[in-house]
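Heads up: the protein sequence lines correspond to chains A and B, in order.
Residue 241 in the numbering used here sits at position 241 of the first sequence, with consecutive numbering throughout.
Residue 182 in the numbering used here sits at position 182 of the second sequence, with consecutive numbering throughout.
Keep in mind the hints are simulated off the structure, nothing from the lab.
There's no promise every hint is true.
[Claimed, not checked] Computed cross-link-like contacts, DMTMM-like style, restricted to lysine to aspartate or glutamate with a CA-CA straight-line distance of at most 20 Å:
(1) A:Lys183 x A:Glu230
(2) A:Lys144 x A:Glu52
(3) A:Lys542 x B:Asp172
(4) A:Lys349 x B:Glu84
(5) A:Lys208 x A:Asp311
(6) A:Lys317 x A:Asp553
(7) A:Lys472 x A:Asp496
(8) B:Lys81 x A:Asp524
(9) A:Lys472 x A:Glu461
(10) A:Lys58 x A:Asp140
(11) A:Lys342 x B:Glu155
(12) A:Lys251 x A:Glu282
(13) A:Lys542 x A:Glu230
(14) A:Lys542 x B:Glu155
(15) B:Lys170 x A:Asp154
(16) B:Lys170 x A:Asp327
(17) B:Lys81 x A:Glu561
(18) A:Lys559 x A:Asp311
(19) A:Lys508 x A:Asp524
(20) A:Lys542 x B:Glu169
(21) A:Lys559 x B:Glu155
(22) A:Lys354 x B:Asp210
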Amino acid sequence: MKKNFAARAATLTVALSVIAGLTACGEKKALNPDIYADKDKYVTYTDGVLTEIKKPDKIKLVTDTNLTIENGREKFRTEYEKLTGIELELEQPAHNQYYEKINLSFAGGEMPDVMEVGNTYYPNYANYGALFDMTDIWNDSDLKNGRLTDWNGDVVTIDEKYVDALKITCDINKDGKVDDNEKDRLYGFPMARGNGTVTYVRGDWLKKLGEENKLGYTHAVNEVPTYKGEEIDFSDDFKAEFGEYIQYMPKNYDEFLSMLRAFKNMKSGTIPITAAGLINSEAPYDIYLREFYQDARPDFYIPEGSDKYVDGMSEPKMLDALQRMQDAFREGLMDREIITNKTSTSRNKFYDGKVGCFNYWSGMWCKNLNQDLQKRNKGGVAVPMPPLEETEYMERPPTAIAITTAAENPWGIYKWICEFSHDGREGQMLFSRGVEGGDIKEVDEKDAGHYKWIEKNKKAEALTPIASPDSKDLVQKSWFSPELSINSFPDPIEIDNKITSSLDMFAKTSRVNPVPKMTLNIADAMTEISTIREEIISKVVKGEMSPAEGVKDYENRAKLEIQTMMRELNGASEA
Amino acid sequence: MASTTKSVKPMEQLGSLKSKNKSSSLGGRIKRYANFYVMFIPVLVILFLFYYLPMYGIKYAFTEFTPFGPATWTGLDNFVKLFEARRFWDAFNNTLFLSIINLTLSMVFSVGIALLMNEIGRLFVKKFVQTIIYLPHFLSWVVVAGIFTIILSQETGVVNLVLEKMGFEKIDFLTNESWWRSIFFFINRWKETGWGTIIFIAALSGISPDLYEAAEIDGAGRLKQTWYITIPSLMNTILVVFILNLAKIMNIFESVFVLYNASVYTVSDVIQTYTYRVGMQGTFNYGYSTAVGLFKSFVALILVGFSNFMSSKVTGKGIV
């Protein structure tokens, strides 16, 4: 009885103190800033009721990117333990063996509590019941419901379209039962935006040809490219970096071809456009060569205004897209080696100054491409081109941090990993920028120590990586990319204009692609479909078959798999 | 003088041998060779642990098995699915074609180069040539693929530049179905021929010089000596190498994986690359991948048995 009373009293005390905290801090300071570190339990609302979440004693985390030993994994781990009081067991297998190792850990019963998982594998793991369904946790979370505050006392807001992009329908429901498709369940939390590719144009060539009237088209000086019929609102950063090239940008496909021809005629050996392949190896498959695919999609997708999936490869607009690519290849406008190009080979061609247009990632790569291009080509500028009127850019689904079904305390892990890494404060600083004194430092170093200076709105700067102290490059991130943050994070480190401007243009002219629907049968069928599709597109582009022959061949060879896909995606009536 | 030697009849001799054998059979023999058995134990343990115990995993070929749950017995379903998959049969045919041609070329070139090297008189030159031709073997396939992608590049490759200068059309060597296999064989020979000569050069050094001297006295020239002495003396080695390599032909993977691309799948996709795509990139269905692997091993076993049979027919003895 006494025990019961004590428990009730404790709960009441905690509840009252939280309420008092809420009242005292006003609208902006909803929670104690040090709550992650100071308490063994975290108090939040679940279905409108105050709930205690137990802090995990230990978390086993497996990562795939950036947290290598050379990048300072140990200091990350130590800092996390210092900030949270949780023991962190952190592993990062070699990148090319990552999923093999993860699978082995599942097969051997040594599963991690939480892991990084790319969007290609994410639905597969969810389908096999390997990932914890965190839909309810997310819905009740402080982050979603605006109960977290950042350094400045502002409520942390999150762009939910990136969370929604990870919601999927699986064979397995939240209770682990098979064949009970529950729609739109969340099995992972976005680390950052998925990002996507934009077409980079050699701005110096473009401007020169434009000034010499050799582009085959002209635009008024103040004419702004449009996206979906409206003028693109370029950021000030974009205008400052690339404003002088905007008037020469091609606006539609005809102008784009005209520009490619102008590049081709400029100098012998010039490759007007290249990319790391004709089709991407993971969804969205049409992330490259948007100017040629336009509205055609070489995948199963739901067209706007419909609720049924269609096979994009069999649509008439795919014939047009294939024809455009075949024509461009035949005319010598497209890299002859586009089929065998790896990302590194196509990048090197661009750095060597041989390429006019190059389809590659926006953001950090905008800065890197410009830097490396200028090293080998004085005056070379890589300008991120807005999409043509006929198309838009594609943003891939985010990479997820997923809690496995082996985790004993998923609520605690969500709170101290998923939410902590997006808290707009110390947690996010650690996960994105790194450790003070190791990866970053306060500019004037007067208030150094556990990020406290950030509350005074002081700025920070990145340091050189510990593995290469003599390097000219600075630490860009610890784990998550800060420039791709999905929440309102007051980052104390200034981000390069080229990065922000390309990302801003990309965000304004792209669509976030959700993780594709996945069942065990879909996963099975997609392996064969991907192989056939890749083969057919390559052969059509090379001119070994016409687009119509190619699509017919695809439909014949993948007939059974296409039937499976349509049945799984749209229900039995489509079989 | 009467002989004191006791004459022993053949049948008695046999009986005594039998009884001697009997007395030393099993227990006696074990005792006699005990030290050898003890020395053999580590080998036996390693064989058991790393070769025989893993064979228990064969059972997964008859199950649906993913890392995320217990294996479910599905009988022959995986094999039915395998034999119904058209791409599997394409991959199977490609595996046999690419491997057998590659193996044949390997034997011809390695033996040929070994014979030529055997004719080099100056030791320095011989060692220098050996070093040069062994080097490519030590390059990883990724590096080799990179080198040849550059050399054969349509845009900047030296081969295409020469062809263009000579007035020919540029050739897309690595994305053209009719060229890919020839290029694949060429690259394989460039990389591995030197290494393949080692065993043959060793075997050549073991041929008795007396045979050549005798042949020379009989008036045989270099060609006849090669034909009637060198090649017959090498035949056993050639057969052993051939059979050992034949057992491995179904394992072809890395050399294809780094050189193939979507437009040549029809002529380049082999069982290992097919298994990789299905097992690792697709559904994590290890049961199916195991079934593919088991079938592959079964084919390899038949090939080795066949080679051994042929060896017995041709030379009068097998090696297995």
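We went through each hint and held it up to the structure:
1. A C-alpha spacing of about 34 Å is found between A:Lys183 and A:Glu230, which places the hinted pair above 20 Å, so the restraint is violated.
2. With a C-alpha separation of about 17 Å, the suggested pairing of A:Lys144 with A:Glu52 holds against the 20 Å cut-off.
3. Using a Cα cut-off of 20 Å, the hinted pair A:Lys542 and B:Asp172 holds, with the two alpha carbons roughly 10 Å apart.
4. The straight-line distance between the Cα atoms of A:Lys349 and B:Glu84 is roughly 43 Å, outside the 20 Å bound, and the hint therefore fails.
5. Using a Cα cut-off of 20 Å, the hinted pair A:Lys208 and A:Asp311 is violated, with the two alpha carbons roughly 43 Å apart.
6. Distance restraint check for A:Lys317 and A:Asp553: the Cα-Cα separation of roughly 17 Å lies within the 20 Å cut-off, and the hinted pair is therefore satisfied.
7. Restraint check: the Cα-Cα separation between A:Lys472 and A:Asp496 comes to about 15 Å, which is no more than 20 Å; the hinted pair holds.
8. Between B:Lys81 and A:Asp524 the alpha-carbon distance is near 11 Å, which keeps this suggested pair within the 20 Å criterion.
9. Distance check on the hinted pair: A:Lys472 and A:Glu461 sit about 14 Å apart at the alpha-carbon level, within 20 Å; holds.
10. At most 20 Å may separate the alpha-carbon atoms for a hinted pair to count; A:Lys58 and A:Asp140 exceed this at roughly 23 Å.
11. Distance check on the hinted pair: A:Lys342 and B:Glu155 sit about 15 Å apart at the alpha-carbon level, within 20 Å; holds.
12. Restraint check for A:Lys251 and A:Glu282: the C-alpha separation of about 28 Å exceeds 20 Å, so the hint is violated.
13. With a CA separation close to 36 Å, the supplied pair A:Lys542 and A:Glu230 exceeds the 20 Å bound.
14. Our distance criterion of 20 Å between C-alpha atoms is met by A:Lys542 and B:Glu155, whose separation comes to about 15 Å.
15. For the hint pairing B:Lys170 with A:Asp154, the CA-to-CA distance comes to about 63 Å; that exceeds 20 Å, so the pair is violated.
16. At roughly 18 Å between alpha-carbon atoms, B:Lys170 and A:Asp327 fall within 20 Å of each other, so this suggested pair holds.
17. Of the supplied pair hints, the one linking B:Lys81 and A:Glu561 holds, its CA atoms being roughly 13 Å apart against a limit of 20 Å.
18. For the given pair, A:Lys559 sits about 12 Å from A:Asp311 by alpha-carbon distance, which is consistent with the 20 Å threshold.
19. Annotation: proposed proximity of A:Lys508 to A:Asp524 is violated, straight-line Cα distance about 35 Å (limit 20 Å).
20. A C-alpha spacing of about 15 Å is found between A:Lys542 and B:Glu169, which places the hinted pair at or below 20 Å, so the restraint holds.
21. Taken as a hint, the A:Lys559 and B:Glu155 pair is broken in the structure, with Cα atoms around 37 Å apart against an allowance of 20 Å.
22. For the hint linking A:Lys354 to B:Asp210, the alpha-carbon distance of about 65 Å lies beyond 20 Å, and the restraint is violated.
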